[in-house]
Structure formats: structure tokens, C-alpha cells
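If you read the protein sequences in the order shown, they are chains A and B.
Quick note: the first sequence uses my numbering, first residue 1, plus one each step.
Quick note: the second sequence uses my numbering, first residue 1001, plus one each step.
Some clues are possibly wrong.
[Unchecked claim] The calculated lysine-lysine pairs, modelled on DSSO-like cross-linking and capped at a C-alpha distance of 27 Å, are:
hint : chain 1 : residue 1 : chain 2 : residue 2
1    : A       : K129      : A       : K182
2    : B       : K1033     : A       : K5
3    : A       : K5        : A       : K129
4    : B       : K1033     : A       : K129
5    : B       : K1114     : B       : K1168
6    : A       : K129      : A       : K253
7    : B       : K1033     : A       : K182
8    : B       : K1314     : B       : K1331
9    : B       : K1314     : B       : K1359
Don't read these hints as lab results, they were simulated from the structure.
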Amino acid sequence: MSSLKETVSAAELAGQRFYLNVSSRFSGLQGGGRFGRNTGNSLEFVDHREYQPGDDVRHIDWNAMARSDRLTVKLFREEVSPHLDLLVDASLSMQLDGSRKREALYAMTAILRTAAINAGYTVSAWIVKDRCRRVEPASLPIHDWPGNDCDFSGNIGQTLVSFPPALRPAGVRVLISDLFWKEEPQAVLRQLSNNAALLVIVQLLAETDILPPLSGNVRILDCESGEAVEVVAEEGLLREYQANFTRHQEYWKRSCTRAGAVFTRCVAGSFLHEMVPEELLKNEILMARSR
Amino acid sequence: MPFFMSPAALWGLLAISALAAVYLFRRQARDVKVSSLMFFGRRQTPAEGGRRLTVPQTPFILLVEIAILVLLVLAAANPRAITGEKLIPVILILDDSLSMGVNAPDSPKAAALKYIERVVFAAPSTRITMIRAGAQPEVIGRHDMTPAEAATMLVEWRCHAADADLFKALRYVTESFASDVSVLVFTDRPAEKNSEGRMQWLSFGRPLSNVAVTAASRYALGGADRCFVEFTSFAAEPCRLEAEILLPEQNRLIESIDTMLQPGETRRVRFVINETALAVQANIKNDPVTFDNVAWLLPIRRVPLDVAVDISSKLLQQTVTRAIEASGLAKVTGSSSQLLFTSRQTVAADDSLWQFVFKVASQPAAFSGSVSLDKIHPLTAGLPPVRAAWAVDSAVRAEGQVLMSAGTVPLLEVQGRPEQNLTAVFNYTPEYSDLHKSALWPALFYNLLAWRQQFSPGPAAFNFRSGSDIAVSLPPEVERAEILSEDGSSVAEAVGWRRQAVFPGLPPGLYQVRAGAASWRIAVNLCSAKESDLRAAGASGLPELPLPAETMLNFADVRWWFIVPALLLLALHQFLTMHRRSADAAF
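Please put together the full structure from these sequences, using the hints given.
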């Protein structure tokens, strides 16, 4: 527990360097308590530009047209009210022996929560086990979250499809999971992306998930189901594993692309070393704050 | 059910536990927890759901390997399988010497026969080979006879030989038979060889005092014959010798002997008789052991050969005639059907006419170098070295068997067969040679005449030792000969081959050889100190059952029973291991 606490504290500190990007998907909606990065419907003037077909005719600056005989529209800053729903996979596979997946899970959660707060988001957190349970309040220290033990041995995908959480419309939703379940990605993505401003899937993996440390005669135990299979680990077996793993990951990526979701991947060990969510930064889900 | 010749190899079965231990430790799988098994290939999920545990099972390969190991260990233990039973091979070596028949009906032979009937022929499952041990070992009947067959063939054990070479018979058995045969030696001699292994030396008889004629010989010397007779005492104590030597046909006593002999002492008598056509008899009168008390010396002189000399060279004619007359074996007549000396071309001869042809060169080449000589041939055996000038016809080429040669030039060669019309070709020109003045000349002609005389009808000798073969030359057109005893009964009959009939050894006595219309007398004398010395004869302890009571079992080497399946299992093992690798790769 103390290790988790220290890791989360470090992650929260690291999260101060980032803020969650405010999505343009919020534009056009009702106003909010914060200005967005784009132009919108607030009263704060930003700039003029030449009229383009489709622009709201109410924003045409008739005075400027009289002076220059050209159609010019006024641009105002957008006004947003962002919200982040964090969904945390608490299955047994997120607490794999010999790995730091659970620490990485809550460190990622802490960074995202901190970055969201930095960007003026309101945050909701959900622990996903047999049901999706909301953490009340989400501002609780993560290591004190009720039910934060990863001890669920069932199918997280099935929980998300059958018992979906009551997510806020037009919010940003982030699912942190290893995605090691057999539920069809489309069903899960459809459920989570419904009325969402943005859906981000973060696949959190241990190094051993990518390349299991198998050699010789081994008995492979599924940490969730307890199922065991005895094999002679040879090159062929590992090749087969990596092919299946890559196929599964690619399938999730394609499904996310179709559903308009963003798919990112994170390896627990290297992530905890730097505390930098590289793929989230690459996809501009997180932005570095200027000092 | 196989038997194992090397059961110690069965300790190798302990290697199975080592193999099992290797498997046990090797199959101790290391547990590895993974997030999910979903990427480890296509796995079957139990229909009832729930946890699925793949329980490690004893692999078939281990069973195959254990089977291979067991088979190889069994093969290493040298297994033998019983493939049947075989009869016990028994070889009886029967002393064929005369001494076995001494003191009949209580002779050693009679005792040995009783023992053979009671013990050997009564033994179950024997196959018997009987060897008569005379001067040469001879198989009686055939090999591997049943006891009934052997009993009928025992009459061939005659005890007529002057000597029994038991060790030659044992050598013959050793060289000709397998090592697992049981050998029984029946003799009257004490055991000269310890019974060892499957060899049993069985002695029958008892020590006897004996006085014997141990030597008798007669040879021609000019117009008289010289004789020699030897008497020997084989008694344990001094004994009296009463003997006489006489001419039975004239009933004339030549010498009477009455003297005391110490144990082992001999008395030799030499005398000359002018009656070369009469037989001589030596007779011991006071010895109860009678088988060696009499010796006969029959006339030894043969009928001289008729020889004709037809040589153009006067010098050669003279030297040849002189050499013939000096031999005493032939007389020169005008014509001959036996031997012709000639210097003319070879002419077609009668069936038994020999020719000695001189090749006289008109332009001879003389030399006095070394001459190659066949020292084994009867014509050239014993010739002295050539130390003379020899003029030859160097154009002569060999056409027969060359006996003397100088370089490539044949000097003496023979053509044809001696039992028919043999021709000897002598390459010699006397005018330029002096070989006829050397010692070789009369010796060569003596050899020729003696050799020719051997092929004259009649026995090879007239006085034989008991046990030795009797060879008789048959007259032309006669194909068989017969030996009759003194009372006229037939003793033996033989068919001639190459005009010679050979009879096996006969017991001592006088016989008549008949071949067609011709007949000759022959004498067979024992004259064997070894046989006559009965002082050491004695009975050994006779084992009741010298043979195994049961039949022998045949064993076959059956290692292949185990090696072949092991090889097949090895192939299966190889297939399985290859198959498992590919299956694991596809998992």
C-alpha cells in the first residue's frame, strides 16, 4: 500500500506538468465555465476573418463590410464546461505477479486526474469490476479509493457492456485496461463512446504481457481464471503468442478508429520510470503546461 | 523362455530408475503466471465450463524409452532360447592292438565289450562314433550311430594291429569333432593321460609275464639269405627261454635256444640259410601267452625281371647290360614284355611294357654343371650328386614329368603311368660323357629295376608286420585279389585300383594271396615290444555312468529377439520426438 501511495504521489506531482486538452467537440454546445482553445459563442471577441460559406451570418461585421466592401465575420472565443470520466479496470490481470501493472494503473489515473483538473475539468472515477462503481468523491486520494484492489476474476468487457456506468454526456472518457478479455471491442466502444466528446482507450501492459518469460517446460497459469496448461516453451510457441497478441491489439486499434476513439498503449515499467504518458502526449490528449 | 548367459547385465535395468528420475526432474514444470491464456493458441474449453487444468501425464515417449532400455539390457544379458534337444555325442576310441585280445576269453577286449554293452549302449539318447585306434585311426561304420547300429559294428573291432596309437586317435577326435563330445578310450594300457573334461580313459586287463619274439627279418645277400630273430623277456622275474628256429618244410632245426633271461633282457640270433626258397619259423615253446610266440620269415626273393636291351651304341649297350646284371633284379633276354632299353624311337608297347629310351644326339652339347634332381621320385630317390660330363641333345623338349634337368634341357623324364606302359626318356650321348663311369649309373638302374619290380604281379613284400597294410600288384586283366588263411578260408578281399589291391592289417600268421590264377604266400608277424610288454597292463576304476544321463539341450542365440524390436522402437521414438516438436510449434 505504501508503495502505491508513493507511486500515486509521484504521479500526481508528475501530472502537474500536463493539462488535459480541451476538445473542439465541445464547441456548439451550451456555454460553460471555461474558455476553450477554439472560437465559439462567448461574448469575448478574438479576431476578424473573411467570410466563408457556412459561417453564421449573425457574426458578419457589417461595419467592416461598409469600410472595405468585403464580407468579414467576427470571431469569439468558445466557452466550454469539460468533464472527464476515468474508468479503471480492476481485474486480477491488472495485478499480475511480478509486474507493476497496478501501480502503473493508478499512476496513470493520478496523472490524468491531475491533468484534467489543471485544464478545468470536472472528474469522475469508476472502478470497473463486476459492476462499474463510482468513486465518491473522485478527489479522494487514490490509494484510499474504496475497492481499488484489482481482484476481479471476471470479464471486464462484459461488465462494461451489460452494466455500463452512467457517464456524463459530452464528456471525455478514458478507459485504462489491459483489454485482455474476449468481449468484442465494438460493443464496448459503442457503449462508451455514446454521447461522448472523446473516448480514449489506454492499454496498460506489463513487459511480460508483451513477451512472456517462458523457456523450457513450464506450466502457464491464467491469473484470472486459474486455468493451467503445461507446455514446452519453444521459439514456435512464443512466435505464436506474439502473433496472437499483435492481432488482438491491431483489432482494438481498428475498432477504435472506426468508433472515433483514440487508442494508446502504455508499458507499466517504462511508464513508471519516467512518469510520462508518451502516447497520450503524441495524440495531444495531454498537453505540456508552459512554465 | 530364454536363459541369460550374462545375467549380471540385468543390473542395467537399474538404469530405468535413472531414466525415470531424469524424466521426473525434467518434467517438473515451472509455474509462470500470465495475464491471460487467450494468446496461447487455440485451446479447448471444457463443455461444463469452469477451471481447466491440464494435468501432466506420463508421456508415451517415456514408456517407449523404458521399453527400449529393457530390450537392450535383455539383449546385453546374452539370452539363449532352447530350440530343441540333441543326442549326446559319444566317441569310443578302441585300442585295436593285439594285446587287447590276450588271455581270451578273459581278455581286456572282452571286459571292455561287456562294459560298453552295460554302460554305453544302455545310456539313453547317445549317438556313437567308434574309432579303431591302430597305427592310423579309422572310423568303424559311420559317424553318429545309434547304440543298436554301433553294437552290430563292434565286430569290426578285431584287435589285429601291431601298435595302437591312441594319441593319434585323440588328435583326430580333437581336430574333427566338436568340443562337446564325450570321449571314452578303451585300452589295456594304464592311463597315460588324466581324464579331463569329457575324456575318460578306461583301462581293462591285468599284468602278465611274457616272453616274445620282438624282431624277425630276412634279407638277400648274394646266393644266401641272412636272417635275424630277437627274443625278449617281459617277465617281472628271471625266466627260462625255450625256443627253436627251424625250416618247417624240411622239418630241419636251425637253432635251439634254452637259456635264462633277466627281466627286459633280449636274446638275438643271427644266421644264414642257403635255402632261399624255404620259409623259416621262430617259435617259443614255454610261454603261456601265445599271441607273440611265433614268427615266420618267408622267402623274399622275387622272380627276376625279363629285360631286353636294344641299343645301337655299343658302348651304351655294354654299360647298360653291366648295370642290369649288377643289380641282381633282372636278367637280360632277347625280348621282354616287362622292360625294354632302347635307343630307337618310342614304339607302341604292350599294356605292361616299360621302355627306357636313350636320346642320343648327333651333335651333342656337353656340360658339367649342376643338375636339378627330383629326390622324391622312386626312379631318382637316393641318387648321389652328378659329378660327371654329360653330353645331351639340347633340342629335346619335355613332354612328361621331368626328373633330372640342366637348365631348360630335360635329362631324364617319364611319360605314362607306372601300372601301364611307362616310358622313361634319358637324354644321354655316351661317346662324349662319362656319367656311365660314375656311381650314379648303377644306382639309377637299380632304382629303375626295383621300381619296375614293384609293379610286377605279387605282394609288395612277403613278410609284414601285423597291422600294416598289405599291397598286392595285380596281374593284367585281374581286378580283384583275395587273402586266404592257412586252412583255405577267405580272410579278406579287395578290388584293385590302378592294378593294385590293398588289404588292411591282418593278425599274425601265414596267409595266401590269390589274384586270378596267381598266388603268393605272405607272413604277418607281430614283432612289437610295446604290444608284448604286458607288465604294466591293468584295470582302472571304471565309472558307472561316464555319460550324462539326460539329453543335451540346443540353445540358440536370441539376442536379435530384443535388438530388432529395440531398433523399431528407436525409430518410433525418433518419429514421436519429431512429431512432438512440430506439435509444440503449432500450439
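Here is how each hint holds up against the structure:
1. With a C-alpha separation of about 15 Å, the suggested pairing of K129(A) with K182(A) holds against the 27 Å cut-off.
2. Restraint check: the Cα-Cα separation between K1033(B) and K5(A) comes to about 25 Å, which is no more than 27 Å; the hinted pair holds.
3. Of the pairs offered as hints, the one joining K5(A) and K129(A) holds, with about 21 Å between alpha carbons and a cut-off of 27 Å not exceeded.
4. A hinted pair counts as satisfied when its Cα atoms are at most 27 Å apart, and K1033(B) with K129(A) qualifies at roughly 21 Å.
5. Our distance criterion of 27 Å between C-alpha atoms is met by K1114(B) and K1168(B), whose separation comes to about 25 Å.
6. Distance check on the hinted pair: K129(A) and K253(A) sit about 23 Å apart at the alpha-carbon level, within 27 Å; holds.
7. For a cut-off of 27 Å, the pair hint linking K1033(B) to K182(A) stands: about 19 Å separates their Cα positions.
8. At roughly 19 Å between alpha-carbon atoms, K1314(B) and K1331(B) fall within 27 Å of each other, so this suggested pair holds.
9. Of the pairs offered as hints, the one joining K1314(B) and K1359(B) holds, with about 15 Å between alpha carbons and a cut-off of 27 Å not exceeded.
Every hint from the earlier list agrees with this structure, and none is contradicted.
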